[in-house]
Structures are given as structure tokens and as C-alpha cells.
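Chemist: Sequence:
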Amino acid sequence: MEPTNKQHEDSMDIVDAVARKDFMLDRLNKRNKDRQNYLDVKLEQRSKECAQNEGVDYFAQSFGQRAYDIEQRIGAMQLDSGDAPLPDLSKLFADLTLQIQELQRYLTDSTMFLSDYKIKSCQNALNSLTSACDEARQRLMPKKKFGFSGKKSAVKHKLPLDLCKVDAPEKTPKTGGSSSAFTWTISNQRNAHIVLRAEQVNGQDITISNVHKCLVELQGHAGSVQVSNASQCTLLCGPVARSFFAEQLERCTVAIACQQLRLHSSQATRIYLHVTCRAIIEDCREIEIDVYNYDYAELEADYEQSGLNKSQNNYTDVADFNWLSPDVHSPNWTLLKDHAAPNWSAVRRDFLNNIASDGKDVVKDATMI
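Following numbering that gives the first Met the number 0, the numbering of the sequence shown begins with 0 at its first residue and continues without gaps.
Since the hints were derived computationally from the structure, they do not count as laboratory data. It is possible that part of the hints are untrue.
Stated by the list, open to error - 27 Å max Cα-Cα, derived DSS-like pairs, lysine-lysine: (1) Lys336 / Lys309; (2) Lys90 / Lys309; (3) Lys119 / Lys309; (4) Lys32 / Lys20.
Stated by the list, open to error - Here are the computed distance ranges between Cβ atoms for each label pair: (5) His328 / Asp294: 28 to 34 Å; (6) Asp294 / Gln35: 34 to 40 Å; (7) Glu303 / Leu38: 17 to 23 Å.
Glycine included, every Cβ here is placed at the ideal spot set by N, Cα and C.
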């Protein structure tokens, strides 16, 4: 028996009703799923925010306590201990230096969740601790310094204010009523090739000032290196245990491996860098950065003696204190791209040939290498 039209219509209505029901159920399920996803995302964001806030609070408390403990240890060190035996100052200062380096690494590892202002304030605190430690070492363990100078008598310079913040160099004793000053390791040089070997560099605080069109090589593991007022120079450094601080560099090329780099008031300078902490620049422009590539026979041994971690290089991570936008790259520095690594032996040979062929000890205008 064939179905009537009415039966056919009824069956079609049932099919339509089932389809509408399925459609509504799908919409409800999709809406519920979207709502659940939204709630999950919000919950995850809230959890991240809470974790980040907890991380910042914990960092601030831990960093502050560790910095305070180091400051107290430095302040408590006295050369005169009465009838008690003198402490092993070398060991004490080595421990202090290690604690400061560990605190620097802690700051570097925490920069991902810290604000730029917090990073800068903590870095300034670390610089102050480093400076205080070095001043105490120089006061309690004085050592003879050597120097290269363009004049027969040692040229003295007042210490720039900014230079006091990081690894302040050794001050000369006050004489009469004159103000304190200090003697530069290398100063007032033009058109010169200067090489300091390991016996002159190892563990020392090397200071360089007022050099023009020079090639300077530091082959050894210095304690710190500071440069002020250099133009059209090439500076090649072995591993530096603590900091490299430079100001007023212009059209220079620098190869440096260090724990901490700070560059101030410089322009048109190229840096081949190995740095285990975050590099810092301030009041700089046209700075180009590439990976460290200086080499000499004792380089591997100097890495070990300096304590630098050769496998950790943060040369791509640079904080520009004049550019605090987290979303836009600073226009004051760039990474070198498609640039051939310099052949430093060829650079040295060309530099010496340039002086020898001219006959007047005048080097032609240098370009960044």
C-alpha cells in the first residue's frame, strides 16, 4: 500500500524537526565549548599573572637580601684586626667576586619577567657593589701599577663621574691638598700598535684613555677593562673576568669577551662580543654588534682562568637605556648581517705596513673592521 500525501508530509516534518533539533544541539555545544575555552584562557592568564607577580616579588626579596649581605661583608672588612691573625684577603675577595658574579647571573636569568626600570635599578646596584669591592681590594691589597704614556711623566686624569659606577680604577694616594686622581695604564697614544702580554694583563684592571688611530691588543685574562675617549682605534681583548666599560668611542672596532659590558656616549662603533650577562648601552648610536672572534695561542686557557662561561653568549641581548619600548627594537644598535669575520692577523699586518710605508708615523683614516 502506497503512503498518502499526508503521511509523506508528516514524515518530512519529523525529519525537519530532527534536523532542527540536531542543529540547535550543535549550536549549544559549540557555544558551550567556546565559553569553556574562553574561561580556560582567562584562568591560564590569571595563573600566569599570579606566577609572574610572585616571581617578581620573590626576585626583589632575594636580590635585595643577597646584595645587602655582600654590602655588609665588604663594609666589615678591615685591615687592622688587632692581635688576631690577618684574614686571607685574597680568598675573601675571590669569594666576594664570585658572589657578585652569581648575583649578576641571577639578574640576567630573571630579565624575562622584570620591567626595564627594575633591571636598570638592579644593574646599578650591582655596579655599586663591584665598585665597592674593587675599592676595598685596592685599599687593603695595594699593588704596583705599570703604564704606557705619551709623556715621560704619568699623565693624571680626574675620574669621570660615570666611570665610578663600574669597576672604578685604582686611585693614586692624595698628596698635599690636591684632589685624588689615577694613572691610566695606556694613555695619550696616536698611531701606535700596543700589545700587553699575559704577565701585564692577568688579573689586572686595565685602563685606556685618549688614544687615536691605535691598534691595542690585550692578550691575557684581565680583571676589568675601561676605555675613555678613543677614536678610529681597534681594541682586541682576551677574556675579561668582570666588566668592560667604555665611553666616548668613535669609529672604533672592539673585540671583547666579558661578563658585563657597558657602553656610554659612543657612536659609529662595531663590537665583536662575548658577554655572559645582558649588555647595556646608553647615549649611543650607530652601534653594530657581532659574535666575538678574536683569537691567540692562550685564548682557551685565559677563558678558564677568567671564569667566563664560553658556551653562554648573550651578544644578541642588548638593553638600551635610552630606548625603553619593549615592542620596538632600538634604532641605536643593530646586529651585523652577511658580514665576513675579520682576519685579525691581516688587520695587524696592514696596520703595521701602513705606519712603515708612510714614514711619518701617521695612519690613514681608519674604518670599522
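Chemist: Now look at each hint and say whether the structure bears it out.
Modeler: Okay, the hints, checked on the actual structure:
Taking the CA atoms of lysine 336 and lysine 309, the gap is about 22 Å. The hint holds against a cut of 27 Å. A distance of roughly 24 Å separates the Cα atoms of lysine 90 and lysine 309; the hinted pair therefore holds under the 27 Å criterion. For the proposed pair lysine 119 and lysine 309, the alpha carbon gap of about 25 Å is at most 27 Å, so the pair holds. Proximity of lysine 32 to lysine 20 is assessed by CA-CA distance (about 18 Å); at most 27 Å being required, the pair is judged to hold.
Between histidine 328 and aspartate 294 the CB atoms are about 30 Å apart, so this pair conforms to the stated range of 28 to 34 Å. Evaluation of the 34 to 40 Å hint for aspartate 294 and glutamine 35 yields a failure: the beta carbon distance comes to about 59 Å. Remark: the range hint 17 to 23 Å for glutamate 303 to leucine 38 is contradicted by a beta-carbon distance near 54 Å.
Violated hints, in rising order: 6, 7; the structure is consistent with all others.
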